[in-house]
Amino acid sequence: MSQPTPNDPQPVAAKAPKAPAKPVARKNRVLRTSLWMSLAIVVTVLAYLFWGRDRLPATEVLQVLSGQSVPGTSFIILSDRLPRVAVGALAGAGLGISGALFQRWLGNPLASPDVIGVGYGASAAAVLAMLILGYNDWKLNVFALAGGLIVAAVIYWLSASGKRTGPRLILAGLAIGAMLQALIQYLLSRAEMNTASDAMHWLTGSLSSSNWNSALILLISLAVLGVFLLPFVLRQLKMLELGEDSAAALGVNVNQARILLVFVAVAMGAIPIAITGPLAFVAFLAGPISAALSRGPINIPLAGLTGATLVIVANFFAANLFADLALPVGVITGAFGAPFLIWILVRANSTGSGA
Amino acid sequence: MTATESMTRPTPAATGYRLPRKVLALLILAVFLLVAIVASLLFGARSVSLSTVSDALWHFDPNNGDQGVVASRFARTVGGIVVGAALGLAGAGLQGLTRNPLADTGILGLNAGSSMSVVLAIALFGVSSLTGIMVAAFIGAAVVMILVYVVASVGRDGATPIKLALGGAAMAVGVGAITNAILMVSDSTLDQFRKWQVGTLSSTPVETFIGAIPMVVIGALILLSTARVSNAVAMGDDTATALGFNLGRARLLGSIGVVILAGTATAVAGPIAFVGLMIPHAVRLLVGSDYRWLMPASLLAGPILLLVADTVGRVIAPPSEIQVGVMCALIGGPLFILMMRSGMKSVSL
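Chains Z and H are the protein sequences, given in the same order. Under my numbering, think of the first position of the first sequence as 15, with each following residue one higher. Under my numbering, think of the first position of the second sequence as 524, with each following residue one higher.
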């Protein structure tokens with residue numbers, strides 16, 4: 015995991031111990047994987063537009079897509095299916111990047127925001143806002159975002175001393191996550207049945223309340239992070255991966271770099287969670303899947319694309335798996351993610367990177 | 524910790540006629556347990572007098588309201604003893620067999636596995652009998668334990684503490700997602716389940732807890748029989764093998780004991796984390812790290828923690844109450860972090 019990623023060469027690349035594949039070949043694989051991934055997204059989106067919950071007449075769908083207005087169909091396509099797809103893709107991308115950043119920095123494929131407490135922070139704050147304060151609008155999203163960031167700050171503060179930051183961060187995250195889980199369950203047990211059911215629905219992660227507004231919020235906030243901060247963070251990440259001493263010798267302010275990295279990684283994950291609820295496993299799976307497909311180290315942008323693909327595909331299955339039942343997309347990512355989880359655990363451990 | 528260990532290392536002779544320190548420790552624990560039991564009967568949203576408690580126990584009068592309160596507390600007191608003993612001992616067993624100071628039935632995902640299995644059993648197969656739910660809980664705990672252990676053992680360094688903890692946490696996320704998925708579909712299961720999922724001793728009839736006692740006894744006997752192996756394992760797997768212990772068989776046996784204990788506890792009280800983590804560490808300060816003493820002491824100390832947590836949860840915010848699972852997480856989480864920060868060297872990362 016300490017290999018430099020080839021598509022951004024840097025002067026110290028020669029220091030990396032292992033270089034199994036030629037950089038050019040690997041770059042091609044990343045590119046090829048990205049193309050296949052994009053193709054999968056396009057195909058799945060089209061399939062979803064035609065066979066969403068209900069099958070719409072293909073001609074009408076085509077008419078709507080070409081800009082004409084068809085009563086009913088226009089509404090379903092433009093106000094329901096397209097925003098869902100947009101929110102899903104953006105949320106998946108954010109989660110994928112977030113997870114991949116953690117996984118690469120901590121050198122551990124298990125260290126995704128799902129597992130190390132950040133997701134629980136956002137969830138606990140949102141459940142609190144829902145059940146105690148009765149919020150159900152944008153305030154809920156703000157709470158979730160703040161919860162994720164605060165919990166990340168606490169975990170970081172608990173672990174940021176000395177050189178063992180990585181393992182400590184993971185363990186502190188596990189403990190905080192377990193405590194927050196207890197809190198969530200406590201709140202759920204106290205709530206009215208209806209609100210508890212709503213909260214449960216949110217906790218599962220769903221795209222059902224997606225609209226263009228939420229898509230726009232996601233787009234803007236992720237774009238700001240992705241354009242202004244992410245490239246900088248990625249450069250520093252490569253230095254950090256050489257070892258913190260080497261990074262410091264190269265003139266990186268290690269502390270600052272770590273804090274910025276954690277901030278970007280958490281924000282990238284917490285913003286989507288704030289809007290859709292925690293979509294289980296997307297952050298966890300995107301990095302390892304993209305790495306397996308491109309047969310190289312985790313590539314952050316590719317992980318984002320993979321996350322988007324995962325959510326889009328899951329959304330299609332959520333709509334179509336059962337004829338009379340629309341599942342929240344989080345159910346699909348959760349249930350189908352479990353076998354992948356085991357695969358990743360085994361794979362991570364057999365390469366010695368499990369911990 | 525090292526000072527305590529050297530003081531309490533098994534030294535058969537040299538104690539003379541004084542009460543051996545470890546026996547004394549067990550006695551102290553027993554006294555504390557008695558105090559905790561009485562406190563659990565006395566205190567709550569409505570406190571009753573000691574004489575009412577004794578009246579309720581010896582000549583129960585169903586028309587007396589105060590005695591009724593005691594009767595309802597009696598059920599959860601029995602529950603606290605059964606569940607606390609099971610979780611405390613299961614934690615000690617797990618820590619011994621895996622040589623892992625962070626082992627806990629909650630952290631390793633066993634509770635989550637039991638939960639999922641129970642929900643599956645209720646929602647899909649309409650299981651409602653205690654036996655059925657217990658069997659489901661065992662299966663869930665066993666499957667997760669095998670998966671987590673196998674998965675963590677693959678690779679160079681074997682099942683290190685952090686690999687086990689991470690594997691367990693990741694497995695808990697996955698299993699939890701499936702549990703949520705089942706609950707999404709059925710509101711009635713959700714209503715039943717959300718109260719159970721917190722980990723609580725209230726609203727369970729005393730017969731349920733009493734019905735769990737045989738399982739706890741069986742699990743405890745199995746696990747206690749592995750105490751000597753755990754002592755050997757503490758010196759390293761190679762040493763233990765060289766001393767003639769069959770580690771594979773011992774780990775299998777121990778795992779069966781842990782699964783029976785954790786599965787029973789989860790089946791009757793819901794998932795309660797951190798008890799199995801805290802108890803052995805606290806007890807180690809008292810009796811040292813000889814598992815032949817550590818395990819019985821954990822068996823006594825688990826109920827103390829659970830009863831105290833349950834009683835405090837009842838008293839802290841009347842008239843409502845904070846469930847024992849939440850209380851244990853609130854106490855256990857900070858402790859876990861404290862251990863991680865101070866004892867990092869003992870936790871080989």
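Calculated directly from the structure, the hints in this document are not laboratory data. Virtual Cβ for every residue (Gly too), placed ideally from N, Cα, C. Incorrect hints may appear among the rest.
Now the stretches of chain Z that chain H is said to cover, found in silico as 3 or more residues with beta-carbon under 8 Å [as the list claims (entries may be wrong)]:
| hint | segment |
| --- | --- |
| 1 | 194-206 |
| 2 | 215-222 |
| 3 | 329-335 |
### Task
Any hints from earlier that this structure breaks? Give me their numbers in increasing order, please.
Hint 3 is the one this structure does not satisfy, whereas the remaining hints hold.
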